[in-house]
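Asker: Going down the list, the sequences are from chains A and B.
Letter by letter, the first sequence follows residues 1 to 76 in my numbering.
Letter by letter, the second sequence follows residues 1001 to 1205 in my numbering.
Worth double-checking, as some hints may not be accurate.
[As the list claims (entries may be wrong)] Simulated crosslink set (DMTMM-like; lysine to aspartate or glutamate; CA at most 25 Å straight-line):
id, chain 1, residue 1, chain 2, residue 2
1, B, Lys-1007, A, Glu-61
2, A, Lys-54, B, Glu-1065
3, A, Lys-19, A, Glu-70
[What the hints assert, rightly or not] Far from chain B by the CB rule (all over 10 Å, computed), these chain A residues:
id, residue
4, Met-1
5, Val-2
6, Tyr-4
7, Leu-6
8, Trp-9
9, Pro-14
10, Asn-29
11, Gly-30
12, Asp-31
13, Ser-43
14, Gly-45
15, Ile-48
16, Ile-57
17, Glu-58
18, Thr-60
19, Glu-70
[Stated by the list, open to error] A short, non-exhaustive set of chain A residues, derived as facing chain B with CB atoms under 7 Å:
id, residue
20, Met-12
21, Cys-41
22, Gly-65
In short, the hints are calculated from the structure, not lab data.
Fair warning: this is a prediction, and the values are worked out from it, not measured in the lab.
Here a beta-carbon is modelled for each residue, glycine too, at the ideal position from N, C-alpha and C.
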Amino acid sequence: MVKYQLEIWGEMCPIPLIKAQRKLKTMENGDVLVMETEHSCTSQGIVIWAKKKKYGIEETEVANGIWHLELTKTHA
Amino acid sequence: MVKSQRKWNIAFSAFMGMLFLTLMQVNLKIALIFVLGTGLGFTLQKSRFCFVSAFRDPMITGITEITRAVILLIGLSILGFGVVYQISEWTHLSLSLNIFPLGFSTIAGGVLFGVGMVLAGGCVSGVLMRIGEGFGMQMVALVGLLIGVLAGKSSLAFWRGTFGEWPGIFIPAFLGWIPTIIFELLLLGGLWKLAYWWQNKHLGE
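Please model the entire structure based on the sequences and the hints provided.
Answerer: What follows is the structure, given as structure tokens:
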């Protein structure tokens, strides 16, 4: 299992989601993608997408207005 | 809520309460609009609802969850509008509605609004909401927004006259209220089905 960081801080929707989609393609099953954003809707969008795609997703609001996302690639 | 924020929360709630009481002294209508605006802002911020994703997500990810939420919202608005219109008929209170027929200016304005939205990083409600959250960039966007709104409002007649518009059709005048509402809800139901089918097709379920 490898942990990858993806820089999406300050990016406007839907760029973070497209970046995550691209990064995910290069990852192996079981790998984790870590992202952090200050945009509430961006975080929400990624969570909805990951749940529908049946990837593992964990969202924590680490401070007021800062969301930490951990996405696990569970399948191809 | 983080502990350090608690005192700010109490202070701000007290400020809003006192502002409401002050507005009540000035004008009851303004005070009620203030309550409605605060409630709307609170709901938008907490729900993290994004109108754009209703139209964008089906194309990028194939997910239509928010699309269907917006369809539900339109359905509820139609029912609510029907009720308001009926009440206004019975009580003989006039409604002042900002409803204009579709024209080329609508499409041109929509494209301009879309470009502005991407540059500013939010629609009108999004910009206002994010100022409340403390984003600096959105305060710059608000200045642009206000200039755009004022320029648009003062030149609306010019755009409508220059580009022309299709004649407005008031469907209830032809079909009556109940059949119109049923027809519109069926149409929205069809769109809901279509959105659901689109998502299943893309997620391969």
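Asker: Against each hint, give a clear statement of whether it holds in the structure.
Answerer: Quick rundown of the hints versus the structure:
no.: 1; hint: B:Lys-1007 - A:Glu-61; verdict: holds, 20 Å
no.: 2; hint: A:Lys-54 - B:Glu-1065; verdict: holds, 15 Å
no.: 3; hint: A:Lys-19 - A:Glu-70; verdict: holds, 14 Å
no.: 4; hint: Met-1; verdict: holds, 25 Å
no.: 5; hint: Val-2; verdict: holds, 24 Å
no.: 6; hint: Tyr-4; verdict: holds, 20 Å
no.: 7; hint: Leu-6; verdict: holds, 17 Å
no.: 8; hint: Trp-9; verdict: holds, 13 Å
no.: 9; hint: Pro-14; verdict: violated, 6 Å
no.: 10; hint: Asn-29; verdict: holds, 18 Å
no.: 11; hint: Gly-30; verdict: holds, 21 Å
no.: 12; hint: Asp-31; verdict: holds, 20 Å
no.: 13; hint: Ser-43; verdict: violated, 8 Å
no.: 14; hint: Gly-45; verdict: violated, 6 Å
no.: 15; hint: Ile-48; verdict: violated, 6 Å
no.: 16; hint: Ile-57; verdict: holds, 14 Å
no.: 17; hint: Glu-58; verdict: holds, 17 Å
no.: 18; hint: Thr-60; verdict: holds, 13 Å
no.: 19; hint: Glu-70; verdict: holds, 19 Å
no.: 20; hint: Met-12; verdict: holds, 5 Å
no.: 21; hint: Cys-41; verdict: holds, 4 Å
no.: 22; hint: Gly-65; verdict: holds, 6 Å
Checked against the numbered hints above, the structure breaks hints 9, 13, 14, 15 and satisfies the rest.
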